[in-house]
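So you can see what is in the structure, the chains are spelled out below.
Number of protein chains: 2
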Amino acid sequence: MEAETTRRPEKEAPDKNIKDDTTEFNESGYGLTDAEILDIEDALHSGYDDALVHAISDLGAADAAELLAKVTDEDRIKLIQDHAPAFNPEVFTEMDSGLCRDSLSALSADKVAAIISELDSDDAITIIQNLEPAFQHEIIHKLSVNLRVALQEGLSFPEESAGRLMQREFVAIPQFWTVGKTIDYLRAATNDLPEEFFDVFVITPSYHVVGEIPLNRLIRSMRSVKLEHLVLEDTHPIPATMDQEHVAQLFRRENLTSAPVIDEEERLIGVITIDDVVDVIDEEAQEDILKLGGVGKGDLYHAVLLTTSSRFRWLFINLLTAILASFVIGLFGATIEQVVALAILMPIVASMGGNAGTQALTVAVRALAMRELSRSNAMRIIWKETIVGTLNGTAFATIMGIIAALWFGNSILGAVIASAMVINLIFAGLFGAGIPIILHRMGSDPAISSTVLLTTVTDVVGFLSFLGLAAIFLV
Amino acid sequence: MEAETTRRPEKEAPDKNIKDDTTEFNESGYGLTDAEILDIEDALHSGYDDALVHAISDLGAADAAELLAKVTDEDRIKLIQDHAPAFNPEVFTEMDSGLCRDSLSALSADKVAAIISELDSDDAITIIQNLEPAFQHEIIHKLSVNLRVALQEGLSFPEESAGRLMQREFVAIPQFWTVGKTIDYLRAATNDLPEEFFDVFVITPSYHVVGEIPLNRLIRSMRSVKLEHLVLEDTHPIPATMDQEHVAQLFRRENLTSAPVIDEEERLIGVITIDDVVDVIDEEAQEDILKLGGVGKGDLYHAVLLTTSSRFRWLFINLLTAILASFVIGLFGATIEQVVALAILMPIVASMGGNAGTQALTVAVRALAMRELSRSNAMRIIWKETIVGTLNGTAFATIMGIIAALWFGNSILGAVIASAMVINLIFAGLFGAGIPIILHRMGSDPAISSTVLLTTVTDVVGFLSFLGLAAIFLV
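Keeping their order, the protein sequence lines are chains A and B. Numbered by the numbering used here, the letters in the first sequence go through residues 20 to 494 in order. Numbered by the numbering used here, the letters in the second sequence go through residues 20 to 494 in order.
Read the hints as simulated data drawn from the structure, not as lab findings. Owing to the predicted nature of the structure, the values given are computational and were not obtained by experimental measurement. The reader is advised that the hints may include incorrect statements.
Computed footprint of chain A on chain B, listed as stretches where at least three residues anywhere in the stretch have a Cβ under 8 Å from a Cβ of chain A [claimed, not checked]:
{"#": "1", "stretch": "158-169"}
{"#": "2", "stretch": "293-304"}
{"#": "3", "stretch": "338-352"}
Think about it this way: if two alpha-carbon atoms lie no more than 25 Å apart in a straight line, the pair counts; the simulated DMTMM-like pairs of lysine to aspartate or glutamate are [to be verified]:
{"#": "4", "chain 1": "B", "residue 1": "K316", "chain 2": "A", "residue 2": "D298"}
{"#": "5", "chain 1": "B", "residue 1": "K245", "chain 2": "A", "residue 2": "D203"}
{"#": "6", "chain 1": "A", "residue 1": "K316", "chain 2": "A", "residue 2": "D94"}
Beta carbons: idealized from backbone N, C-alpha and C, even for Gly.
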């Protein structure tokens with residue numbers, strides 16, 4: 020405490036801003052504290068509307084989104100229905116998309132139209148595209164003509180495409196202009212310009228992109244310089260129909276900050292900036308983790324019944340896998356009756372196979388998503404995983420063979436579990452890498468079904484090899 | 020083919036660029052094709068050095084990084100040792116960090132120093148920080164004094180901190196300047212400026228940040244306007260010691276494109292831009308997926324033995340879990356001997372618990388990482404997961420109870436497996452959400468150890484409830 024005071028002797032206005040931010044960070048993090056959330060909930064429940072509206076209007080969009088995500092469903096609906104105008108309208112672009120849909124669906128079309136009117140066209144599309152078509156229609160007809168046309172055009176592009184992601188406001192300058200003329204234009208046209216931009220696009224009279232000029236390049240050039248001498252021709256024009264996942268990969272790969280979006284005739288129709296892409300990168304990475312775990316997007320915010328039913332499907336497929344494995348065990352019922360130690364040990368073989376396979380699978384799924392794995396190195400990766408499986412299989416076979424032999428005083432049992440372990444870990448490596456690669460090549464998403472298929476393999480191979488060898492050598 | 024030709028009647032120079040990019044995208048994607056990789060490998064093996072150098076120098080940094088990631092280890096070392104100067108030096112910033120370390124370690128300190136000299140200071144730090152300390156030292160002493168000092172200062176910040184991420188070149192302007200004076204300064208100082216910048220920082224004489232001005236705001240203002248009227252005071256100064264994960268969260272949360280980095284005295288010392296942060300976001304998301312799967316960063320590129328040994332540890336911990344579960348089964352050896360159906364069915368109970376628990380766990384781990392889960396909603400999430408577990412537990416209990424009763428013609432067995440299933444899925448929900456939340460509160464990384472702990476719970480509870488109930492009601 021003391022050290023802090025000495026470090027900051029004068030509390031000038033501009034410094035205050037900095038100080039607050041740093042202190043915030045030194046504690047549990049930034050954003051809303053749990054205490055602030057509780058305060059707002061209290062104000063809501065006790066009907067202190069003035070205090071509530073005041074507290075809400077003070078929140079930035081991200082903080083308000085955090086608040087709405089963390090309160091109960093009833094409180095959220097109450098907050099939005101009674102106090103929608105107090106919220107920063109951008110709060111809805113910061114929220115989980117499912118939660119945003121549910122929240123806005125509780126409002127009247129008039130209220131939603133009022134919120135959307137205050138947003139940029141790309142944010143407006145992000146929000147409206149998640150609503151029910153009938154509700155969308157109703158809202159759109161309450162908007163100004165300009166925004167209505169912009170939204171209708173935006174919605175005509177495929178979902179999750181560059182066309183939906185792009186901002187329709189951009190700065191395009193003819194290639195024969197000079198730096199001076201461009202700056203004068205920017206100063207005069209200040210109302211027609213997008214709120215934020217990083218580059219100006221240089222175009223031909225037919226709106227084809229010649230190249231782009233980052234603002235810092237423009238601002239440090241003399242007024243007499245012609246734009247054509249500044250243009251970076253290394254642009255990456257993005258067709259409006261490109262999938263947003265590809266857009267994100269392109270930005271990441273080429274370290275872009277913005278890119279022009281073009282229509283079928285290759286004419287400039289919009290711009291995608293990196294801040295839009297960060298959300299996509301985040302979303303895609305999140306989707307993969309959730310898919311691997313067998314859950315859908317937005318699960319955290321779904322109501323109990325929706326969560327239950329959406330998870331049921333994945334669990335049901337897993338049940339079929341488990342029953343299949345049980346059938347395999349059932350084939351050896353007589354053997355187990357004679358040597359009950361088999362029943363005790365068999366889950367170890369299956370579980371080690373499952374875990375080793377999951378390691379290989381995770382690496383492969385991730386590498387496929389990041390485009391680090393393709394035809395040219397696929398065979399090498401599968402081969403590597405098979406060798407790794409063999410090596411770790413041998414190591415664990417030795418460990419588990421000795422444990423089993425000592426535990427049950429039966430060295431043949433030790434040899435049987437050791438052999439089964441090696442066999443199952445080899446299969447785990449081979450299929451752990453192979454299944455996602457094959458699914459990917461067949462055009463399926465490897466994150467969704469790889470895990471179930473792999474578990475089937477490691478369970479069946481594990482039980483079959485262990486109990487099969489036992490039936491031959493032990494009984 | 021025909022449609023394409025008609026659509027683009029004249030092949031003007033500026034349009035060509037666009038055309039190439041779009042065609043590339045319409046095929047399997049962008050970047051290197053497998054055929055191009057094979058061509059380069061062929062040239063390498065047959066010693067066509069001219070063709071090789073030509074092909075390599077044509078590659079952008081990202082493409083070259085893809086090439087080096089996909090060729091064999093021997094080819095990679097050969098390419099780098101014999102042809103390092105032909106590569107775009109930024110290739111090393113685009114590579115997986117482990118692979119980059121291995122590749123550079125194969126070169127002499129002189130060659131590495133030559134590569135590093137061509138990079139920006141932040142890229143140079145990214146690369147050099149991964150090398151062995153002794154090798155780092157050797158390289159640093161071959162660099163120019165300026166770069167050496169910059170690197171030594173950068174390396175004095177903690178690993179994965181804002182200080183390592185930041186760029187040391189930035190534009191800082193006194194607050195009493197006008198727009199015109201600033202533009203004149205930028206035009207004159209063109210050599211001292213960073214290669215790219217999006218904002219200028221407005222500072223006090225003591226280098227404290229007053230605020231920032233995005234370039235587009237500067238360029239559209241009249242020359243006579245004073246900077247203090249343009250300054251956005253809503254800056255987010257980042258202490259140089261802040262963890263890069265927090266930096267990424269701040270950028271994402273506040274939709275920043277750049278932020279000033281400050282030292283202990285709160286003086287401006289650098290700037291972090293969004294393109295640096297995109298890599299961090301990517302990396303962090305990737306780390307979580309890999310940790311949940313029980314593998315480390317860079318696993319894809321590790322040699323077989325390193326991969327084997329790094330995965331061994333995780334598998335070993337899982338072996339202990341599996342042995343613990345076996346002990347539980349061992350307690351009921353006599354029961355299993357009497358009713359072999361128990362051995363056949365018991366993996367189903369454990370496996371369903373494991374899968375249901377993993378669903379809850381994945382959602383919780385992800386929500387913790389995204390800061391969507393904290394004290395204020397933790398109890399509600401745990402409670403929700405427990406209810407979801409109860410509901411799905413009841414559903415699967417009914418299904419599996421009927422199957423078991425029919426399969427073995429024993430309705431008590433059906434009732435036993437049904438009860439065990441409900442019990443295990445309730446525990447799965449409770450612990451699936453609870454374990455990551457508790458680990459997080461204890462300051463551990465929930466992505467690393469949650470899975471093992473959860474499997475222990477669902478295995479032990481599954482076997483114990485199923486076999487225990489069977490011992491009471493069936494024998």
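How the hints compare with the structure:
{"no.": "1", "hint": "158-169", "verdict": "violated (count 0)"}
{"no.": "2", "hint": "293-304", "verdict": "holds (count 8)"}
{"no.": "3", "hint": "338-352", "verdict": "holds (count 9)"}
{"no.": "4", "hint": "K316/B with D298/A", "verdict": "holds (23 Å)"}
{"no.": "5", "hint": "K245/B with D203/A", "verdict": "holds (18 Å)"}
{"no.": "6", "hint": "K316/A with D94/A", "verdict": "holds (23 Å)"}
In terms of the numbered hints stated before, the structure departs from hint 1 and from no other.
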